[in-house]
Every structure is written in C-alpha cells, then in structure tokens.
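Participant: One letter stands for each residue in the lines below.
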Amino acid sequence: MSPTRTPAAPPVARTARQLRETVTAARRRTRPDTDTNPLREGLRLERVPDPCAFVLFGATGDLAHRKVIPAIYQLWRTNLLPAEFSIVAVARRPYTDASFRNEIHASLEKYSRVQPVDEGSWAELAKRITYQQLDFADDAGFDRLGQRLDELDAQCGTAGNRLFYLAVQPSQVTEIVRQMGRVGLDKEVRGQGWRRLIVEKPFGRDLESAKTLNHEVHKVFRESQVYRIDHYLGKETVRNLLVFRFGNGIFEPVWNRSYVDHVQITVAESIGVEGRGAFYEETGASRDILQNHLLQLMTLVAMEPPSSFQADALRDQKLQVLRAIAVPDPDEVRKNVVRGQYGPGWVQGEPAPGYRQEPEVDPESETETFVAGRFEIDDWRWSGVPFYLRAGKRLPKRATEIAIQFKDVPLRLFRESTGDPAPNVLAMRIQPDEGIMLRFAAKVPGLGLDVRTVNMDFAYDTSFVVDSPDAYETLILDSLLGDASLFTRADEVEAAWSVVTPIINAWANMPPPHFPDYAAGSWGPEAADELMERDGRRWRRI
Amino acid sequence: MAARPVAHSVPEIEGQLGKLWARAAIAREEAAKAQAALIAAQAEAAARASAALAAARETSDGGGHHVAARTSVLNLVVVAGDQMTAANCATIITETASRHASRSLILSAVDPDGPPGLDARIEALSMATADGRAETGAETIHVTAHGETGAHLASIIVPLLVHDLPVALWWPADPPFGSRRADRLLPIADRLIVDGSAWSGDGLAILGHLATAVEERRVIVADWALLRQSRWREAIASVYDLPDLRAHLGAVRRICVDYAAAGTGAAAFDANVVRPLYHVAWLASRLGMTVTKPLSRESEGRRVATLRQRDHEVEVVLQPADSKLGSGSTVRVEIDSRLRGAELVGIVSADDHKVEVSILDDGRERVRRSYAAPRLTDIDLLARAVEEGAADPIAVHALTTAARLLGVGLGSHTSGPHKGSGKAQEPGR
Chain Z
216 MSPTRTPAAP
226 PVARTARQLR
236 ETVTAARRRT
246 RPDTDTNPLR
256 EGLRLERVPD
266 PCAFVLFGAT
276 GDLAHRKVIP
286 AIYQLWRTNL
296 LPAEFSIVAV
306 ARRPYTDASF
316 RNEIHASLEK
326 YSRVQPVDEG
336 SWAELAKRIT
346 YQQLDFADDA
356 GFDRLGQRLD
366 ELDAQCGTAG
376 NRLFYLAVQP
386 SQVTEIVRQM
396 GRVGLDKEVR
406 GQGWRRLIVE
416 KPFGRDLESA
426 KTLNHEVHKV
436 FRESQVYRID
446 HYLGKETVRN
456 LLVFRFGNGI
466 FEPVWNRSYV
476 DHVQITVAES
486 IGVEGRGAFY
496 EETGASRDIL
506 QNHLLQLMTL
516 VAMEPPSSFQ
526 ADALRDQKLQ
536 VLRAIAVPDP
546 DEVRKNVVRG
556 QYGPGWVQGE
566 PAPGYRQEPE
576 VDPESETETF
586 VAGRFEIDDW
596 RWSGVPFYLR
606 AGKRLPKRAT
616 EIAIQFKDVP
626 LRLFRESTGD
636 PAPNVLAMRI
646 QPDEGIMLRF
656 AAKVPGLGLD
666 VRTVNMDFAY
676 DTSFVVDSPD
686 AYETLILDSL
696 LGDASLFTRA
706 DEVEAAWSVV
716 TPIINAWANM
726 PPPHFPDYAA
736 GSWGPEAADE
746 LMERDGRRWR
756 RI
Chain U
92 MAARPVAHSV
102 PEIEGQLGKL
112 WARAAIAREE
122 AAKAQAALIA
132 AQAEAAARAS
142 AALAAARETS
152 DGGGHHVAAR
162 TSVLNLVVVA
172 GDQMTAANCA
182 TIITETASRH
192 ASRSLILSAV
202 DPDGPPGLDA
212 RIEALSMATA
222 DGRAETGAET
232 IHVTAHGETG
242 AHLASIIVPL
252 LVHDLPVALW
262 WPADPPFGSR
272 RADRLLPIAD
282 RLIVDGSAWS
292 GDGLAILGHL
302 ATAVEERRVI
312 VADWALLRQS
322 RWREAIASVY
332 DLPDLRAHLG
342 AVRRICVDYA
352 AAGTGAAAFD
362 ANVVRPLYHV
372 AWLASRLGMT
382 VTKPLSRESE
392 GRRVATLRQR
402 DHEVEVVLQP
412 ADSKLGSGST
422 VRVEIDSRLR
432 GAELVGIVSA
442 DDHKVEVSIL
452 DDGRERVRRS
462 YAAPRLTDID
472 LLARAVEEGA
482 ADPIAVHALT
492 TAARLLGVGL
502 GSHTSGPHKG
512 SGKAQEPGR
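Chains Z and U, in that order, are what the protein sequence lines are.
Take any residue in the first sequence, count from 1 to its spot, add 215: that is its number in the numbering used here.
Take any residue in the second sequence, count from 1 to its spot, add 91: that is its number in the numbering used here.
Keep in mind the hints are simulated off the structure, nothing from the lab.
C-beta: ideal position from N, C-alpha, C; glycine also.
One thing to keep in mind: the hints can contain errors.
Non-contacting residues of chain Z with respect to chain U, defined by C-beta distances greater than 10 angstroms in every case (computed) [as the list claims (entries may be wrong)]:
#1 Asn252
#2 Arg255
#3 Arg420
#4 Val458
#5 Ile486
#6 Ser598
#7 Leu653
Which bits of chain Z does chain U cover? Going by a derived footprint, with three or more residues having C-beta under 8 angstroms, they are [unchecked claim]:
#8 326 to 338
#9 712 to 718
Make the full structure from the sequences, and use the hints.
Facilitator: This is the structure we're talking about:
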C-alpha cells in the first residue's frame, strides 16, 4: 500500500545510486507497501521498535540498575516502546518476579532522570518484567530461558524478536554467548523475528584478546547482529559533533592540515576509582578511556564525510582514521606517550587518597590512572597535525573537551599591541556545560590599537533549556530500531587496539614507572606538560 | 511590579534596551538563592542592578563565573489585540522563556480613534536553574499603540527585532487575513503561530484563509489546534503499527469525529470544529484520500463529506456529542475499515492524562491500549510552535486537505499528497 504517494515524473538518474533509488521508488508506486505505516510520517518516531523481548543479563548489577533499566523506563514512559514488549531479567541471585520488580522500583526512585517515578507507567512496565535466576554455566538454565522466551512470544506478542543485553563482567561474555549459541537463541529465521546482542565495553584488553572475543562472538552471532556499546557515542554533544561538522558548510574548508595547527582532546575525571579498584587494576586509563572514548572522539573529529548516515558508511570512515593513525614503536612510546598515577592530594576542597591507598588496589600498583599521548594521522587531510589526547582520574575537574587550534596568522600586523592575540581555537565541550566556543582576536575599544582575545560562546544550556536524553536511552532505542550507527564495529575495535596495544606492550618492557607521579587534584604528571612544551605548545586550561 | 511605561517611541525603546543589557544582570549568588525562580527586573530598575552586575563581572573574570546576559534564539512577536490577551500571552512567554530564550514583543492596540502614540515597557528575565547551570536571559517589550499608530504595528516591530534571528508571529485571536494589517505583518514573519480552536464561530472560514495564505505567501504555520492533536496521532499510529491491522489503512470506509458542542440543535453549528476537522484531514492526507464532496451541513450540528481512497468512497461525519469538555473539543474519533470481508472499527478517545485506543474486529474487541500522554499546556504548545525551524510538511498537507474538505480551491503549490518527509526550507534563510 502506498496511499500517500502519487505517480510523478521520475527524475533523471545521473548516477547508479540515483538509478537504484528511482527504481525503488517506482516499485513502491506500483506495489502495495505494508512495511511502513503512513500514519507514522512526521511523528516523533517515523518507525517504532518492533515488538520484542529485552533479555537483560546481569540484571541485578550496578549498570543495569543505574543505567539500563532507568533508560528503558524512560523510553516506556514516553511511549517510545511498543506495547508488545517484555523484559526478561537474568542474573545469578535468587529473586521472584515481585521482589525483583520492587528492587527495580527502588532503583528508579534513585536513578531515574525524571522524578518522581510515574507510578502508572511503572505499573504497566512492571507487568512486563519477569526474573529468571540463571548460572551462566548452567546448560539446563539456558534451555529454560529459551523455552521461556518462546512462551513470551505467544503470551506477549513479542514475535520472536529478541534483544540480548550483556550487562555482565567481561569474563562472562564468551560463556553466555556460547550458551546462547548452544540453545539457538541467536538464530534468525526469515519472518520469525530478529536477534540482536548488545555487548558492553571493554571489548578485550588488548588486540589479541579483542580478536579472540570477536571470534567467539562471531561463532554464534553475525556481525550485523552485534551492537558494541560505548555510551560516549550516545551523548548528545558527541552526536552534535557530527551535525556540527557535516551540517555546517563553513568549517569544512578549514578542517585540515592547511589551517589546523593541532587538536587536543581531554577526558578529565575528578573522581577516583569509586570502589572499583579491582576492575581498574586490570584496565588502567589506556584501556578504560584511551582505547575507546578518546580514540572514538578522535575519529569523529578526523573522519572524512560519510556518504550517508547509514551505520556502515559512518563506521567505514571512522575505521579509515583508526587505520591511518601512526602506530608508535617502543621508542616513540617512550617519547610521545606519558602515563601517570595519582598520589594523595586535594580535589575540589576535599582530601583525596592516592590510588595505591584505594580499596582493592595493590599498594605497589603500576596501573596508570593518567595517560597522555601525541598521535598523528597519516592521511592527506591530517598529515603533520598532531592530536594530543589525555585522560586521567583525580584531575581538578570533570571535563571532556575537543579543541581545534588553528594556525597563527601568517603576518602579525599588530605586534605593537599590548596583548599578543592568541591563535583561533574552536572548542567543543562535551561535559559538563555542553557547548561550542570560538576564540578570536578583537580590538579593545579606545584610541589605540590594542588587541585582545575574546570568546564567542554557545552553550546548550542557554539556547535549548530542555533535557537531553541519557546516552543509554539513545543507544537502546537505536539498537531496538536496528540502527547501529552509534555502535562500534568489530574491525573498529581491533583497529583501536592496534594503536593502544603497542603502547601497553612497550610499557610492560620498560623499567617500572616512578608512581605516584601526580597529586590528586593536579592536571597530571609534569611529563604530560613537557610532552606539549617540547612542541612549543601547552595544554588548554579547561 | 508596576507596569509603568518607560518609553514612548521606538528610539526610546531601543535606548532602554541598550541600557538594560549594558547594566542589568543578576548576580549568581542571588540567582542561586532563587533556585529556578524567575527574576524579573524592569528597565527602570536597571540602574539599581548595575552594582550587582559589576560584582558579577568581577567574579566572572576572576573565578570563571559566567553570566549570560542574553541568549538569542528567536524574535517572538505577539499581536495581542487587547490588553487582557496581551497579559495572558506574557504569562505564557515568561514560562516558555527558559526553553526558548528570545526577544518578545507583545503589541496591543487601544483607542483606535484617539490620538496616535505608543507606550512601552520592558522586562528583562534572567532564569537561574536549580542545578547550577548557566543562566539564560530574555527580554519582553510590551507595546501599547494608541490611535492610528495601532494600524502601523509593522513599523514598530521591524526596528525592534534582533537582527538575523527568525521571527515568529503569534496571533492568539482571529488573524485578520486579507486586511492591510495582515498584509504588512505577514512578510515580516518566518513562522505564524495561531490557534484555530480559539477562532470565532466554527472557525472554518478563517481556516480556509489560513490555507490560502500558506499557499500564496509560503508562510510556515504552527497551529495549536493541530499541535494539540499530536498525542492522538501518536496513539492512532501506534495501533496501526501492528502489521495485520496496517493493511486496513488502505481500506477505510468511514471516519467519524464526535465533538463537544455548547449548544444543541442548530446552535451546535456555532461550535468551533477546527480540531475535529483536522483529525479527518490528517487521516485523509496520510492515507491518500481525495475530496469528492466537501463538507456540508446536515442538521443539529452534523456535517458530512465524502472522500475517495483508491477505488472506494469514504464517508466523513463530524457530529456533536454530549460531553463536559470545552466546546469544539474532540470527544471521539472512529475509523471504520473493511478488508476482505473483515470489518475493523478503531475508536480513539482521550482525557487530560491519556489517550485510549480500542480496535473492534467484527464486533469483538481485539486491541485496547492506553497511552500515557497528558494534554499539552499552552506553555508546551508555544514551545513546540517555535521549536520546529522549518515547515512541517505533514502539517501543511493536513491543512491543505482541511481546506479542500471546506471546498477551498488551492493551486499547485500545496496540492497533491505529501511526497516525502523532508522539511521545507524556511523562506529567506
């Protein structure tokens, strides 16, 4: 059925793609189209998620309670989920459906971003939540899970569509996926529903383990079924970065080596390891932030324009950037990458213990809580433009920022000015105070010709005083809709590890670092400043 | 706060605005205490605020504190007509200012036969948020035009617009399409905000004029009457997401909308039926229906029309119903379809908090759903009306179809079913 479209003179196709589109449009005009709902056009969602069962592994864990379930509740509350929707919560602990629902309700009262909890909406959602106790090594338990999902399809109309969310320890992923394969939970049969898998980062701990993990997952699921979630990519400002770059024409001509002096990307946290000492001991800043958040932000800044906003078109371009990053050899690691670990200090007026004094942390730990590096992208657009990346814990403030510093003017006409104008900077603040700032020179009013640097500041808060969706809401909805644009593909993960693994390996072969080497509440070790000073630059004061 | 005029000419207003933003700001400490409260400072109080501003600026330079003097998102021009409407609009704007900080001009005309002149007062708004985010600033200029000046509002508006920002023209009462005033004001606007459900009489004549204005002047319109129905549309569309029900969308035989009417008998024809008509128009435009017989009156408030969908006719009925809702409100929408011998009846109703949809399949209830969707407030409506930066093609098409249902002849610009979901470009941008 195609009731809203009338025959029109087909446009002349000038390219193969236009020809395909023309043919497709012509078919639509002549063939009943029951795949789309004409009443949806122009509504908030032109397509709603299919009926489905959302199977949440690790449902009693912190991530599920703080992020995943509040996000689902929010989507439900705003009518963005289909009525034929059920949640099967899976974890090891013993709960009944009722006791699990009570616990979830308590979590929503704490973590839902919209308070108070809408009891009417919650009651409707609660009816759709069931709990299944399951030891991930238990074959019989997985068999029961499979049967239960089949029953739910019949009872709730979820039509065989299933989204599996693994909110579990990384070490448990392979076992769960293997069990799912054994039971056949991955199998998609035409017309009998889709099966998708969401995996949380970290995606491995080095290149080898990432390849192994991808291999194990691919034994069961096809890549197109896998959604690797890095919640940074669901943040509003990160998505706005794409709009900023590809929705505005004026920046593209200067977005290259001819005009950009260097790029700085900072992911600073003021908090420590917050009770996750054991986890952090195994990861460190390179695995926790550099391999994913920092490199993902770098790809978004550096990528070529994609041909469309389809998932693979976008991810192909990001992959090109990752593959063009010059992989450092051990000497270059020593020269261009800095690691650090915080000692005791003061953060925001409060005393803070050193990393080695944190619970579950080895008192002699060599795990880095800070990493900074100078990277180069060997392609035509960016050759010779350094990208300085840094991330750390217990820094003075929580701030994530991308700053593009442009080259200085070729001739300083205003040398006599009392103030030397600083180079132009375009800074995109991702958190907090999301916004975009452009720094430029202006004349100070008066008879002289004094020049001062001023900022033109766009703040989301002051222009759009509306709440942005949480990143998990965005990403879960996208995965339900089958849109993988904001998820990381296997080859992207491996390409990112190809950059970071040589760094980790080089460090392993170096003498032990002199940790701690920065005080909590400072901007990291002196070596990070020296890294910039050596190039005649300095980190931005954020 | 006394509503004493501070300016009596456009240059005086401009002068006051300059002073206001050079001086007025609210110190962060004060704003934090207020926590999300709205702090209004009138222009004449600007001088008193200058000390606070100086303190705030010092803090800003020394400690990274940011005082947002003004954030410009759009110009909102309200042609209020009378002063009571102006006051109501001002209240809504104040509540909306934190979402869409802007310069608002609220114009009312009084004493048309008196001596010409104008009075103006200015309000600066600084909104502090409870969570310590940056303040947002906005300003509202209240202009009362006397005598012949009231016939030349465009000459007042244009110099007071913040340049290079979109202009939304809000006409809360009956827009005087075809008048000299409308001819002068419409070209200023990038977007026209109206409320079809508040128009006098049955509202249909003005609706026809509106569709013609959209057609001829390429005006982008946001009609609250249509925006109010977004929750109905979401609910109706959701039901037909079910694949086997979706097929029935091509086999609709009857659309019946019940509306609340204050009077009975012939008096029911006085109820404003813009909203009920929009329901039909939206469905017809989305489902590829054409008008074969425009709306005509039968008796006791009942109106009928005939549409064509593919090879069959669709009966349209608008009829009054007993209801406690305000006159002209939609009480119930019924969509009847027949496909391969199966008869499906979709029934939709709503209250303040939710929309309910049920589907009867050959007389038996097959689906019943309740969607939590509160009725939109005036604040929500104004915010939504200005949020869309470009024309909503779905709304344009619904309006065009509504006009056709009224028998209004429209040319080629807006005729024919909607051909895609791309947003139209704003004129002149």
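Participant: Hey, does Asn252 of chain Z actually stay past 10 angstroms from chain U on C-beta?
Facilitator: violated, 5 angstroms
Participant: May I ask you to check that Ile486 of chain Z keeps its beta-carbon over 10 angstroms from the closest beta-carbon of chain U?
Facilitator: Fine: 18 angstroms to the nearest Cβ keeps Ile486 of chain Z off the interface.
Participant: Counting residues of the stretch 712 to 718 of chain Z with a beta carbon closer than 8 angstroms to any beta carbon of chain U, are there 3 or more?
Facilitator: violated (count 0)
Participant: Examine each Cβ of chain U, and state whether all of them lie more than 10 angstroms from the Cβ of Arg255 of chain Z.
Facilitator: At about 5 angstroms from chain U, Arg255 of chain Z fails to clear the 10 angstroms cut-off, so the statement is violated.
Participant: Quick check for students: does the CB of Ser598 of chain Z sit more than 10 angstroms from each CB in chain U?
Facilitator: holds, 36 angstroms
Participant: According to the definition I'm using, a residue is off the interface if its beta carbon is farther than 10 angstroms from all beta carbons of the partner; does Arg420 of chain Z meet that for chain U?
Facilitator: holds, 37 angstroms
Participant: Do three or more residues of the stretch 326 to 338 of chain Z come closer than 8 angstroms to chain U, measuring C-beta to C-beta?
Facilitator: Holds: 3 residues of the stretch 326 to 338 of chain Z have a Cβ under 8 angstroms from chain U.
Participant: Just double-check Leu653 of chain Z for me: nearest Cβ-Cβ distance to chain U has to come out over 10 angstroms.
Facilitator: holds, 16 angstroms
Participant: Please confirm whether Val458 of chain Z is truly not at the interface, meaning its C-beta sits more than 10 angstroms away from all C-beta atoms of chain U.
Facilitator: The claim stands: Val458 of chain Z keeps its Cβ more than 10 angstroms from every Cβ of chain U (closest is about 13 angstroms).
Consistency note: the structure conflicts with the earlier hints numbered 1, 2 and 9.
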